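K.L.:
Hey, can you piece these two chains together into the complex? The hints should help.
Protein chains in written order, with our numbering: chain A, 34 to 367; chain B, 719 to 995.
If you are wondering where the hints come from, they were derived from the structure by calculation, not from laboratory data.
Small disclaimer: the values here were computed from a predicted structure and weren't measured.
Just so it is clear, CB atoms sit at the ideal spot from N, CA and C, and this is done for glycine as well.
Do not rely on the hints blindly, as some may be mistaken.
[Stated by the list, open to error] Think about it this way: if two alpha-carbon atoms lie no more than 30 Å apart in a straight line, the pair counts; the simulated DSBU-like pairs of lysine-lysine are: (1) A/K58 x B/K980; (2) B/K810 x A/K64; (3) B/K810 x A/K45; (4) B/K721 x A/K122; (5) B/K980 x A/K137; (6) A/K45 x B/K980; (7) B/K989 x A/K58; (8) B/K989 x A/K263; (9) A/K263 x B/K811; (10) A/K263 x B/K810; (11) B/K989 x A/K45; (12) A/K122 x A/K263; (13) A/K151 x B/K722; (14) B/K911 x A/K151; (15) B/K811 x A/K151; (16) A/K122 x B/K811; (17) A/K122 x B/K722; (18) A/K366 x B/K811; (19) A/K46 x B/K980; (20) B/K911 x B/K810; (21) A/K263 x A/K64; (22) B/K810 x A/K122; (23) B/K810 x B/K989; (24) A/K64 x A/K46; (25) B/K721 x A/K154; (26) B/K989 x A/K64; (27) B/K959 x A/K122.
[As the list claims (entries may be wrong)] Some chain B residues well away from chain A (every beta-carbon gap over 12 Å; in silico): (28) M755; (29) L877; (30) S937; (31) Y956.
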Amino acid sequence: MIEVNDLTKVFKKPIRGNGLSGMVKTLFSRKYDEIRAVDGISFTVPDGEIVGYIGANGAGKSTTIKMMCGILTPTSGTVFIDGVEPYRKRRQVAQRIGVVFGQKTQLWWDIPLVESFKVLKEIYQISDADYRERMDFLGEVLDITRFLSQPVRTLSLGERMRADLAASMLHNPRILFLDEPTIGMDVLVKEKIRLAIRALNKTYGTTVVLTTHDMTDIENLCSRIILLEKGSILYDGPQKSLKTRFGNIKTLTLTVPAEIHAETAPMLSPEVAVSEADGRLVLRFDADKVALEQAIQYAFRDLHAMDMKIAEISIGDVVKTILEQQEAEHAEKV
Amino acid sequence: MLKKYKPFLRAGAIDTMAYRFNILIWAAITVCEVACMVFLWLAVYRSSEGGIDAEIHGFTYREMIAYVVLTTIFNFVTYNNDTLWNINTDIKKGTVGNYLIKPISYRGKFAATSLGNLLTMTLMFGVPLYAAALVTLGVLGFLPGLSFPAFFANLGLFLLSGLCASLLNDTISYIFGILCFYTSSGWGLNSLKVTLISFLSGTLLPIAFFPKGLREVVSRMPFAGMSQNPVLILMMKYDLKESLRCVALSVAWIVVLELFAKLLFSHAVRKVTVHGG
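This is chain B alone, in the form it adopts within the complex (with noise of 0.2 Å):
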């Protein structure tokens, strides 16, 4: 059954191919964003009233900026896919009556094409970005929690966080992009998600940062599991139980949002008009 995703598979590792230049002007925007958030938390530790050597939430400056390095290659590593506006150009061309009148899942696909995405950029950007910066990191005594030879095992833990981060992501991204059956429109709803995501995933900021209520909630949505916990999981900040809790939990709302995400769908392909012709 699955054979039949594997074209949207390859497509999607192909694809990624195409927007090398894009890759290179990301990269130089995300090198002078990366240096703000530096110098912004070198500024709030400095700051603080234990100096810069103080540890605000468990984190010292240093583990911070190891923090803001890795979440910004793992996010960029994770999340490259489009399946939100695909979607939204299926529908306003037209064009997902091509994918209903065809013997496969439309969900299947995104999720095929995703993971092409995410294998491509792993090998291509990932292996090179994250050896880079562990080394550079490591050596500069910024990733204190690192211990040989468990950081080895520990990466086997990473790479399936970091799966069912980018599952997470196309999942979300994919109810958001049904919901664009409703609305017909994407922008809205592509904006809401986005500033959820950036907020809710402790990619601006950790969720140990939240104030305790929110925190508390924050930290058992799926959302955290889509940044934050693979790279505090990298930088072994969690001991194996608590790594193996943040796996569980990811895996667990990936069932519940891929069962929601085939509830919405079957109810939205109802309200499919492809007007014309």
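Only chain A is shown next, with the shape it has when bound in the complex (with noise of 0.2 Å):
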């Protein structure tokens, strides 16, 4: 389980002049600019269930999570997994968690891989009826065993990040935290990766916080969605109500005749708007209020729709709403 209670991290950055007189000042003088990575943040995760920890890019998702495992050490407030305190008591937690950072590798670079993995058994203590087990377990689902002898170097992105995710889970944590597992990853890897962090959750039942910036990921792995924006929470609650949250949202993308046009159209009702988008037609409504059947009869008679496309609103969009809306309420604070 893992408890976040008002946690704060607040960053000192030197504030540098410019040029070569700025620089000498800054021998000088320590002016620092703070910044607030992470501000107040509160929730608590249960074990077993997998997390989708979103946000921008800098809205301290990585900030949080090397707080949760250790690294950091919070400005203010507390983390407890499972009841312990990460920062305080670093190699009692750091035996309970997996952590991937999709950016860097852990793994040791110039020796074989299945070396590393050696290693980390030994540093885990891990007996070796659990590693047998593991690596078993790991290489069917990671598809690993074909490059366990080549030296990490030597593998592509894609064959590190899964040596990377099954060095993490090798000494079968209770909780993971995997920051942007599928960076740069193709479909198929992608795919590799989605489907061993599900079989890991129900096998081991493990706990997973996961960050990334594929919606993808978030749809087919999470429950539970955590929305973070400039160091708080903008959203904490199940996938579902994340996605209805502007409403039962729909789209009807239709193939019309050439003469009409989104202005021209004859109106249904205020409720549905009508775009254009590469030459077709894009209807946009809350399907509890305008009725789906209602809205594609229009189409067809009144729009005279030759083809037509229907599709429920993504995460994505609104998450791309939700940050659209924060950016829009901060241009006009300032």
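P.N.:
Pasting the structure below:
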């Protein structure tokens, strides 16, 4: 179980002047800019849950993860991992968690992959039986058996990421922190990684905290979403409720005759927004307010649609809308 | 608990082999350096009041030459770890986080690596170099202090003091490395460390040659145990009591410095900022 209470991290950044004179001044003056990377957030993650921790670049996701796994010490507030504060009892917590930073490998660059695993086996004091069982499981779900004997530096990015994931799961952690595990991966590798995370969660009941910019990851894996922006939580709840935050939004994309345009088309009701994109007409409406059937009839009868695609709003669209609203509000204040 | 550190011990032992070429270059440079030192000391003794056979601060010129040769071998075998640089790299590249999320102590990892290093160096280079140097110097009569069979018992004390020296060096290196958390750069700290150690450990000049006040202070500091004392123990310039006192002093310093390192690390780790990603 992860408990985060009023967690805050402030980074101090020295203010540097421009040019040579500025540099000299920086040597003597110590003025700092304070950056509140994480600003008073609280949440609890129960055992066995997969949480999507999302937000724009620089929202404070990685900083939170680093505090949860004991790399960074909070400026204020607390984190408890199964009742223990990671930045105080680093080693005790380290035994219970696994961490992957998608942008950095934790494997030893020059030695064969399997040797890295053997080192980890000793560091985490994994018994021979457990080690064999886990290697079988991970070899299968992550498909890493083929390149076990290769030095890590010769692996492709996809292979390396799978190896890193395997390394983080080797000691059967209770909690897994995955910071952008699918960054730069092709669709097949992404799919493999998702399957592995799900298999691990199902087989061992591992809690997973996942940050990603790929909304497909989120839709496939996470029942719960925490949305972070500028260090504060904007949304924390089930994926489903986030999806219907702006209503049960549906879009109909229509192929229509050339003479029909958005501005001149007959209206059905003010609830249905009509726009044009790529020579097609897009109807956007809340299906709880305007019946889908009615909208379809309108599309064929009044707009003479020849083809039609019905789509639900995606998590990505919702998040985008929320972040845009935030940015607009912020711009107004300034 | 200590089993966790076995892979680092092994890595330290194996890594040393990877630098064989460096070691050859080092050997070439060192032979020249030792020759310079020998001629320098000969000149010093010749121009002294008592002439070449004078005894200066307890050293005859023969003993001084033996001291220079043995100190060079000792430093080579004992000090080849890169703890400071490795910490510096960990901080610069942000890889320090990789160790902070593992259930091992950062200090323990470096101590194990460094011991692995010492083990390989002692077996691979230490044994043949010491043997060759001791036989040659002994036959030439440059080691008047040696007596048998006491020498073999003394060898145990020497090995122990060598182990202490290596640990002291690694701890000091680690402390300077941790200071990189504050300075974000290892260059200055490394030069400071190297200068401090080569001067205060008696490598440049035996501590007996220092002015009285300074000598009193330096001989109580940890540095003498890092080079001068082990070599003088090997040369049997110290009696048993003095040898034991030196080893005890080193052990005490190791404890003090390790405790300090622990405090420093727990303060420094709060300063960690791993940016990006």
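K.L.:
Taking the hints in turn, state whether each one holds.
P.N.:
Now the hints, each set against the structure:
Simply put, A/K58 and B/K980 have alpha-carbon atoms about 35 Å apart, too far for the 30 Å limit, and the pair is violated. For the hint linking B/K810 to A/K64, the alpha-carbon distance of about 23 Å falls within 30 Å, and the restraint holds. Under the criterion of a C-alpha separation no larger than 30 Å, the hint pairing B/K810 with A/K45 is consistent with the structure, at around 18 Å. Restraint check: the Cα-Cα separation between B/K721 and A/K122 comes to about 20 Å, which is no more than 30 Å; the hinted pair holds.
Of the pairs offered as hints, the one joining B/K980 and A/K137 holds, with about 27 Å between alpha carbons and a cut-off of 30 Å not exceeded. Simply put, A/K45 and B/K980 have alpha-carbon atoms about 25 Å apart, close enough for the 30 Å limit, and the pair holds. Note on B/K989 and A/K58: the hinted pairing holds, with a Cα-Cα distance of about 24 Å set against a maximum of 30 Å. Taken as a hint, the B/K989 and A/K263 pair is honoured in the structure, with Cα atoms around 22 Å apart against an allowance of 30 Å.
In summary, the hint linking A/K263 to B/K811 is supported, as the alpha carbons are separated by about 26 Å, within the 30 Å threshold. Restraint check for A/K263 and B/K810: the C-alpha separation of about 26 Å stays at or below 30 Å, so the hint holds. The suggested pairing of B/K989 with A/K45 holds, with an alpha-carbon distance near 10 Å, which does not exceed 30 Å. With a C-alpha separation of about 29 Å, the suggested pair A/K122 and A/K263 falls inside the 30 Å cut-off, and the hint holds.
Our distance criterion of 30 Å between C-alpha atoms is met by A/K151 and B/K722, whose separation comes to about 11 Å. Pair hint B/K911 plus A/K151 does not hold up; C-alpha atoms about 35 Å apart against a cutoff of 30 Å. For the suggested pair B/K811 and A/K151, the alpha carbons sit about 24 Å apart, so the restraint of at most 30 Å is met. For the hint pairing A/K122 with B/K811, the CA-to-CA distance comes to about 24 Å; that is within 30 Å, so the pair holds.
At roughly 18 Å between alpha-carbon atoms, A/K122 and B/K722 fall within 30 Å of each other, so this suggested pair holds. With a C-alpha separation of about 38 Å, the suggested pair A/K366 and B/K811 falls outside the 30 Å cut-off, and the hint is violated. The suggested pairing of A/K46 with B/K980 holds, with an alpha-carbon distance near 27 Å, which does not exceed 30 Å. Restraint check for B/K911 and B/K810: satisfied, since their Cα atoms lie roughly 19 Å apart, inside the 30 Å limit.
The suggested pairing of A/K263 with A/K64 holds, with an alpha-carbon distance near 23 Å, which does not exceed 30 Å. Of the supplied pair hints, the one linking B/K810 and A/K122 holds, its CA atoms being roughly 25 Å apart against a limit of 30 Å. For the suggested pair B/K810 and B/K989, the alpha carbons sit about 14 Å apart, so the restraint of at most 30 Å is met. Between A/K64 and A/K46, the direct Cα distance comes to roughly 8 Å. Compliance with the 30 Å bound is thereby established for this hinted pair.
For the hint linking B/K721 to A/K154, the alpha-carbon distance of about 11 Å falls within 30 Å, and the restraint holds. Simply put, B/K989 and A/K64 have alpha-carbon atoms about 17 Å apart, close enough for the 30 Å limit, and the pair holds. At most 30 Å may separate the alpha-carbon atoms for a hinted pair to count; B/K959 and A/K122 exceed this at roughly 43 Å. The Cβ of B/M755 lies farther than 12 Å from every Cβ of chain A, with a closest approach of about 38 Å, so its non-interface assignment holds.
Every Cβ of chain A is farther than 12 Å from the Cβ of B/L877; the closest lies at roughly 27 Å, confirming the non-interface assignment. Residue-level check passed: B/S937 sits 38 Å from the nearest beta carbon of chain A, beyond 12 Å. With a least CB separation of 40 Å from chain A, B/Y956 remains clear of the 12 Å interface cut-off, as annotated.
Of the numbered hints given earlier, the model fails hints 1, 14, 18 and 27; all others are met.
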